[in-house]
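Novice: Since the structure of chain G is provided, determine the placement of chain L on it from the hints.
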Amino acid sequence: MQAPDLDSLAGIPLDEEGPVFREPWQAQAFALVLKLHEQGLFTWAEWAERLNRAIAAARDQGDPDLGNTYYHHWLAALESIAADKDLVTAETLARRKDQVREEHQRLHGHSH
Amino acid sequence: MAGSSHRAPLSDVQLRVRALESLLIEKGVVNRETLDGIIDHFENKVGPHIGAGIVARAWTDPDFKARLLDDASATLAELGYTGIEGSHMVVVENTDRIHNLVVCTLCSCYPWPVLGLPPNWYKSTPYRAKAVRDPRGLLKEFGLELSEETEVRVWDSNAEIRYLVLPRRPQGTEHMSEAELQEIVTRDSMVGTGLALLQQ
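Taken in order, these protein sequences are the chains called G and L.
The first sequence: position 12 = 1419 (the working numbering), numbered continuously.
The second sequence: position 194 = 195 (the working numbering), numbered continuously.
In short, the hints are calculated from the structure, not lab data.
Wrong hints could be hidden among the right ones.
Result set (DSSO-like, lysine-lysine): computed pairs, CA atoms no more than 27 Å apart in a straight line [claimed, not checked]:
#1 LYS141/L - LYS131/L
#2 LYS1492/G - LYS1504/G
#3 LYS124/L - LYS28/L
#4 LYS1442/G - LYS141/L
#5 LYS1504/G - LYS124/L
#6 LYS124/L - LYS1442/G
#7 LYS1442/G - LYS1504/G
#8 LYS1492/G - LYS1442/G
#9 LYS28/L - LYS1492/G
#10 LYS28/L - LYS1504/G
#11 LYS124/L - LYS141/L
Distance windows between CB atoms, simulated [what the hints assert, rightly or not]:
#12 GLU175/L - ASP1470/G: 50 to 56 Å
#13 SER125/L - ARG1513/G: 15 to 21 Å
#14 TRP1451/G - GLY29/L: 29 to 35 Å
Even glycine gets a Cβ: it sits at the ideal position worked out from N, Cα and C.
Chain G on its own, in the form it takes in the complex:
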């Protein structure tokens, strides 16, 4: 697999071995962006711009942006770029989100 130029992505939590994830969903969101970029759906410059916009928007809403919310911004940027590239509309996404939630509740709606 070709390693992306992670240094060009401002602010990504990194150590000498690579990106640092605190939870699996962060790795999932990271992998999606990598893959979409690999497919040529956007350039890293385009992505960085989108991500910075998401971070700025969050700051405007009072996020101190200490690094712990980095992947929240990442995900917001991913959703917005996916909508702009006609991959997934906000409506489709909202519907699917409800389905995922219901499915999860169905699977976990049991007492132990």
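Specialist: Here is chain L on its own, set in the frame of chain G:
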């Protein structure tokens, strides 16, 4: 704990990632295998080496082991391993009479803060079904033949409780350091589908 604590619903971000991922997979823009490959590649921070370190310490530090078996969540939190919000960690010890096996029959709950992301077989229906129906048969498929006298205990993980197996320390490892011991603790041995083995 039975039925008392709330069930952990998926967080908003978890829902959003899952929704987006499933839609992009359906559209054929990405596929599950490559995504899993990328995640595996980068998930080098949270992985089975963490669990292996905990096991190696438990083998060499009786006081730590006692605390771990007594209250794994608190003991691991002391070491900075938290992150399973709303759920508890329980460590179950293998002995010469008991072999523990972990499964999640409903989905794929897994002690990921100490083992990383679950392997695909753990998420598969055959594994989840057979672990309950025929655990000995399942263990044979993993190349593990237990004696008749060994009791197999199956632990069903859920959103509230996640289990980690403390495998037996192999014989002939008395001279080994904690760091060396960590190397022989495999992921499977901490799920119960394998043993910690001394490389011959």
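Novice: Would you check the hint for LYS124/L and LYS141/L, treating anything up to 27 Å between C-alpha atoms as holding?
Specialist: 19 Å, holds
Novice: Do the alpha carbons of LYS1492/G and LYS1504/G lie within 27 Å of each other, as the hint requires?
Specialist: Roughly 20 Å separates the two Cα atoms, so the pair holds.
Novice: Hinted pair, alpha-carbon criterion (27 Å max): LYS1442/G, LYS141/L. Please report holds or violated.
Specialist: 38 Å, violated
Novice: For a C-alpha distance cap of 27 Å, please report whether LYS1442/G and LYS1504/G respect it.
Specialist: 21 Å, holds
Novice: Are the Cα positions of LYS28/L and LYS1492/G separated by 27 Å at most?
Specialist: 13 Å, holds
Novice: With a cut-off of 27 Å on the C-alpha distance, tell me whether LYS28/L and LYS1504/G pass.
Specialist: 16 Å, holds
Novice: Hey, LYS124/L versus LYS28/L, does the alpha-carbon distance stay inside 27 Å?
Specialist: Cα-Cα ~23 Å, so holds.
Novice: Taking the beta carbons of SER125/L and ARG1513/G, is their distance inside 15 to 21 Å?
Specialist: About 19 Å separates the Cβ atoms of SER125/L and ARG1513/G, which means 15 to 21 Å holds.
Novice: If you check the beta carbons of GLU175/L and ASP1470/G, does the distance land in 50 to 56 Å?
Specialist: Taking Cβ atoms as reference, GLU175/L and ASP1470/G lie about 53 Å apart, which means the hint holds.
Novice: If you draw a straight line from the CA of LYS141/L to the CA of LYS131/L, is it 27 Å or shorter?
Specialist: 11 Å, holds
Novice: Take the C-alpha atoms of LYS1492/G and LYS1442/G, compute the straight-line distance between them, and say whether it is at most 27 Å.
Specialist: Satisfied, since the Cα-Cα distance of roughly 14 Å is no more than 27 Å.
Novice: Run the distance test for LYS124/L versus LYS1442/G: straight-line Cα separation, threshold 27 Å.
Specialist: Holds. LYS124/L to LYS1442/G sits at ~23 Å (cutoff 27 Å).
Comparing the model with each numbered hint stated earlier shows that hints 4 and 14 do not hold.
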